[in-house]
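*Asks:* So the protein lines, in turn, are chains A and B. If you use this note's numbering, the first sequence corresponds to residues 1 to 477, in order. If you use this note's numbering, the second sequence corresponds to residues 1001 to 1233, in order.
Hints were generated in silico from the structure; no laboratory data involved. Computed from a predicted model, the values in this text were never measured in an experiment. Please note: incorrect hints may appear among the correct ones.
[What the hints assert, rightly or not] In silico lysine-lysine, DSS-like type, Cα no more than 25 Å apart, as pairs:
| hint | chain 1 | residue 1 | chain 2 | residue 2 |
| --- | --- | --- | --- | --- |
| 1 | B | K1059 | A | K160 |
| 2 | B | K1017 | A | K58 |
| 3 | B | K1211 | B | K1059 |
| 4 | A | K382 | A | K9 |
| 5 | B | K1059 | B | K1179 |
| 6 | A | K235 | A | K105 |
| 7 | A | K58 | A | K477 |
| 8 | A | K382 | B | K1072 |
| 9 | A | K377 | A | K58 |
[Stated by the list, open to error] Output of the computed footprint for chain A on chain B, the stretches with three or more beta carbons under 8 Å from beta carbons of chain A:
| hint | region |
| --- | --- |
| 10 | 1040 to 1052 |
| 11 | 1123 to 1134 |
| 12 | 1143 to 1154 |
| 13 | 1200 to 1213 |
The beta carbon of each residue, even a glycine, is placed where N, CA and C say it ideally should be.
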Amino acid sequence: MKATSRAFKANARHALGDPNLQRAMINLRTGFAERRAHAVARLPEWEALREQAVAIKKDALAHLDFYLEAFEQKVIANGGQVHWCRDAAEANETVLAICRRLDAKTVTKGKTMIGEEIGINDHLAANGVTPVETDLGEYIIQIRHEPPSHIIAPAVHLVKEQIAQSFRETHRDLDPARPLQDSRQMCDEARAVLRPRFLAADVGITGANFLVAETGSSIIVTNEGNGDLTQTLPKAHIVLASLEKVVPTLEDAATILRLLARSATGQEFSAYTTVSTGPRRRDDADGPGEYHVVLLDNGRSALLGGEFEDMLRCIRCAACLNHCPVYRAIGGQSYGWVYPGPMGSVLTPSLIGIEAAGNLPNASTFCGQCESVCPMKIPLPKMMRHWREREFQRHLPPAAYQLGLAAWAFFARRPALYRLAADIGARILGYAGRARGRFRALPFAAGWTRTRDMPAPEGRSFMSLWAARQSAKRSAK
Amino acid sequence: MNPSRDQILNSIRRSLKRGALAPEAAAACETRLATHRRNLIPARAQTLPPRGQVELFIKMAETVNATVARVKQAADVPAAIADYLSRLNLPSRLVRAPDPVLDALPWSEWPLLETRRGVAEDSDPVGVTACFAAVAETGTLMLHSGAASPTRNNFLPDTHVVVLRASQVAAAYEDGWDKLRAARSRDGNFAMPRTVNFITGPSRTADIEQKIELGAHGPRRLHIVLIDDGEAA
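Please model the complete structure; the sequences and the hints are all you need to start from.
*Replies:* Next comes the structure, spelled out in C-alpha cells:
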C-alpha cells in the first residue's frame, strides 16, 4: 500500500471537518471501549494473564529462528508449504504464482492486514485475478476503493447511508427500489451477493492471528464465518502471516486468545476461532487441497533486539486505537498507511521509515491510555518518544520547530534565566490581556490560537509568586 | 537452500546478536514444544464440579445467542430437532454430517424430518452435526474436520444444530486440546486434524455502525441439543 503519512496534517484537518466521519466515530466509544471494560471486569485473572502473555511472546521472540523452523517442519509434515518472503514484492509474486498454477480466476479473502501491507489486491487484479473481500467491512471499503480505517473494523468511519449508497451503485442487478435503511438489510444483501463468490472461488486467502510451532497450524479469529468459508471451499488455502505471529504451543495460543477478543470487541471469545493445519487429509470429507503459508519479514527481523522489539508482541486487537483521543477524533485513514492509531504510530515508521512517517509519532497527547489498555503491555508512548528523538537527531522536523526547541533548551539549561524570562513574559502578557482575560491571537503562536483562545496570565509566574510567599513566611517568623 | 529463508533467519540471528541456538537452548525449546505446559487458566469453570460446568456452558452459550435444548437420552434428539424447527417455523429439511453418532439416532421415527446424510450444499437450510467437545468457560463448541465431519456443514446452512453430550463438556480450551491429543495419538504420534473449529454462538458482524447483526456469512442460528447423560466428564 502506498503511504500518504506525510500528508497527515492535511488528512487530519479534512477528517475533522467530515460530518459523516465525526458521526460514525462516536460509535467507537460505546461499541468497543465500553464493551472491553465490561469484559475485563468479568475476568479477575486479567492482569495475571497479561503478564503471562507478555512472557510467552518474549520467549517466542528470543527464540524466533528456532520456532519458525519448527513451525515449518510441522507444516511440511502435514503436507503444506511455507514460503519465506523478505518483502512485499516477494510475497505478492509468491501468491500470484500459486494462483496462476491453479489457473485461478477469483480469489476470496478473509481480513488480512498483511494483505493490505503488501497490497495483494492490486497485484492480483493487475495480473488478471479478481480478489473478493468477504469480511463485511473489508467488502464495503473494497467497493468504495478506500483503504481500511481500523485494523479490525475497516469501515468504522462510515455511516450506514454511505454504505447503502455504495451498495446501490455496486449491486446494479438488484431492484433499485429495495429498502436499505438499516444494517440488517445491508447485512443480508452482502450475504446474498457474496455467497456465490465463496462457492466459485479458486483460491482462498486469509491472514493469521497466530502460527503455532508445536503443530504447524495457523489460527484465525473471526465473527462472521467468512474466513472459514474462504479457506474451506476453494482448491487452495493461502495464509498471509508476518513472522512474529509464531507462538510455541496450542496452550500458549489459548492464553493469548483469552486476551484478544476481550481487548478487541469486548467479547468473551470470538464466534469463530479456527485452527488450520495443512491441506485436507486423504479421508477428509472436504477442505482445501493445498495449504500455503506466506511468511513475511518486511523489516520485522531488523526490529528484534532493538528499542522497538516490544512492538513485535502486538496482537492487532486495536484496543489502543479504540481508546486513543487522537484516533477517535480523526479516524484511521488520516494516518496514511495500513496501521493507524498508537500502534501504527510506532509500527509505520519502523516499517516504511521515519522520513515517510515522521508525523505519526507526533500525533499523540501522551495520555497513556494506549499502554494501559494494551493486553501485551507494549510501551507505546515510550516508543513514540524514541521515534521523536530519532527524527530530531536527523533534523527532519521543520527549521522553525528546531529553532524554537533549541531556544527553549537554551533557557531550560539555565534555570535562573528561565525564571526571569518567564516572569517578564507573564507580566507583559498579564498587562496586555488585563481587559479581556484572554487572547484571540498571539505572535509566533498562530498555530495554537487558530483553534482556541490563550488565557491571559495573572501577571506573575508561579516561581516568582512562590518565592515571594516563602520570603513573606520567613519574615513573619 | 532457499536464499530468502536463509537471509531471514540470518537477519533474525544478527538482530538477536547470536548464531543458531546453542544445543542446550534448543533442547529447552524442544521440551517446551513437547510438554504442552499450561499457563494460568481462569478459575471461572475450573473450580466447578462437572454438573456446574454443564450449567455454566449453557449460560455462556445462551449469552452469545445460541439456544440450548436438553434431552434425557440420545433417542430423543430427532424429536427435539423437529420441535425446534417447527417452533421457529423453519424448513424441516436437514443435512446431517456422515457421523456414526448421528447415524445411530432414530431419524426414521420422524418421517416429517426430511434428512439427507453427507456434505452440505448451499441449498441446505439446516445442518446437523455432532461435536468433539465443549468448553464451559465461554460456552464454546469444539469441532474438527474428518471423514465424518465436513467443515462446510458448520458454515453453509442458515441453521446449525449441534448434538452434544453432557459428558463432552470440559472446563477450558486446554482440556479440549488434551482430549484431542488423547483421541488422535498413536504410538506417540499426534495427528492434528486439518481444521479445528471453536464455535461460540452464531455468525455475527458489527461492521455497520457497530450494530451487532447475527448471520453475517455463517449460520444465523446456532441450536445445541444437549443430551443429559448424567455423567459429566
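*Asks:* Against each hint, give a clear statement of whether it holds in the structure.
*Replies:* Hint check:
1. B:K1059 x A:K160: violated (33 Å)
2. B:K1017 x A:K58: holds (16 Å)
3. B:K1211 x B:K1059: holds (23 Å)
4. A:K382 x A:K9: Distance of about 22 Å is within 25 Å: holds.
5. B:K1059 x B:K1179: holds (23 Å)
6. A:K235 x A:K105: holds (12 Å)
7. A:K58 x A:K477: Violated - the C-alpha atoms of K477 of chain A and K58 of chain A are around 60 Å apart, more than 25 Å.
8. A:K382 x B:K1072: Not OK: K382 of chain A and K1072 of chain B at ~59 Å, beyond 25 Å, violated.
9. A:K377 x A:K58: Holds, because 12 Å separates the two Cα atoms, which is no more than 25 Å.
10. 1040 to 1052: It holds, with 4 qualifying residues against the three required.
11. 1123 to 1134: n = 0 at 8 Å, threshold three: violated.
12. 1143 to 1154: holds (count 9)
13. 1200 to 1213: holds (count 13)
In summary, the structure is inconsistent with hints 1, 7, 8, 11 from the numbered list given earlier, while agreeing with the others.
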